[in-house]
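S.K.: Could you build all of it, start to finish, from the sequences and the hints given here?
Going down the list, the sequences are from chains A and B. Terminal number for the first sequence in this note's numbering: 428, no gaps in between. Terminal number for the second sequence in this note's numbering: 116, no gaps in between.
For the record, the hints were derived by calculation from the structure and aren't laboratory data. The structure presented is a predicted model; accordingly, all values stated were derived computationally and were not measured. Treat the hints with caution; some may be incorrect.
[What the hints assert, rightly or not] No more than 27 Å apart at the CA atoms, straight line, and that leaves these computed lysine-lysine pairs for BS3-like:
#1 K364/A <-> K63/B
#2 K383/A <-> K45/B
#3 K364/A <-> K28/B
#4 K383/A <-> K373/A
#5 K384/A <-> K45/B
[Stated by the list, open to error] Part of the chain B face toward chain A, derived, beta carbon under 8 Å:
#6 G29
#7 Y34
#8 P40
#9 L44
#10 F46
#11 D57
#12 F66
#13 S67
#14 T96
#15 G104
#16 F107
#17 G108
#18 S109
[What the hints assert, rightly or not] Here are some, though not all, of the chain A residues that point toward chain B, as calculated from beta-carbon distances under 10 Å:
#19 G358
#20 A369
#21 G419
We put the beta carbon where it would ideally sit given N, CA and C, even for glycine.
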Amino acid sequence: AQSVTQLGSHVSVSEGALVLLRCNYSSSVPPYLFWYVQYPNQGLQLLLKYTSAATLVKGINGFEAEFKKSETSFHLTKPSAHMSDAAEYFCAVSEGNTDKLIFGTGTRLQVFP
Amino acid sequence: NAGVMQNPRHLVRRRGQEARLRCSPMKGHSHVYWYRQLPEEGLKFMVYLQKENIIDESGMPKERFSAEFPKEGPSILRIQQVVRGDSAAYFCASTRETGGSYGYTFGSGTRLTVV
Chain A
316 AQSVTQLGSH
326 VSVSEGALVL
336 LRCNYSSSVP
346 PYLFWYVQYP
356 NQGLQLLLKY
366 TSAATLVKGI
376 NGFEAEFKKS
386 ETSFHLTKPS
396 AHMSDAAEYF
406 CAVSEGNTDK
416 LIFGTGTRLQ
426 VFP
Chain B
2 NAGVMQNPRH
12 LVRRRGQEAR
22 LRCSPMKGHS
32 HVYWYRQLPE
42 EGLKFMVYLQ
52 KENIIDESGM
62 PKERFSAEFP
72 KEGPSILRIQ
82 QVVRGDSAAY
92 FCASTRETGG
102 SYGYTFGSGT
112 RLTVV
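M.R.: Set out below in structure tokens:
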């Protein structure tokens with residue numbers, strides 16, 4: 316069965332610093348992987364997704380993620396943090412060929428001026 | 002083009018009452034998913050519906066919870082005889098197609114508080 320582990324429930328960075336949010340997955344089949352962002356009291360917004368095309372995936376708001384099969388990882392990065400990036404970020408894997416998503420427990424990103 | 006619409010945004014119920022949560026998918030989307038988010042946790046799958054059909058309810062508690070997606074109107078998640086442990090954010094999502102790779106469009110959620 317698929318699973319997702321997000322290392323670090325809280326990450327703090329200074330404005331302008333590199334953002335790195337970690338996600339490792341477990342899947343017995345080629346996975347589809349997703350990153351979502353959730354702002355306070357809002358729903359989840361899709362940042363980017365990996366669907367077995369290019370291993371480096373670019374998303375919205377300057378975020379990107381790299382699929383590394385050998386490390387079973389799909390870490391999310393952004394070269395320069397902005398105050399507006401402060402939110403909760405969820406990594407998810409699609410279960411088999413269905414659209415049922417298995418979510419990680421989330422990482423709350425704080426950005427300091 | 003309205004997104005996924007959920008109402009109400011906030012719902013307060015006393016223990017033992019019924020909670021009805023509504024979800025209207027995006028136009029053209031016929032697949033609806035419900036997820037529950039407990040405090041400090043990620044989202045957990047509850048149920049997947051198409052029009053008039055429950056496709057996968059493997060994440061639904063066995064008692065008190067039910068879901069429907071009628072031919073006309075929104076999808077409804079119904080919780081009977083609510084208890085404090087039902088307090089959570091309930092999110093609805095929709096997709097146009099299935100197959101694992103499309104990703105969802107989520108609604109803004111209904112935050113249920115049981116007092």
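S.K.: Can you name, in rising order, the numbers of the hints this structure does not satisfy?
M.R.: Going through the list in order, the structure violates hints 1, 6, 8, 12, 13 and 20 and respects the others.
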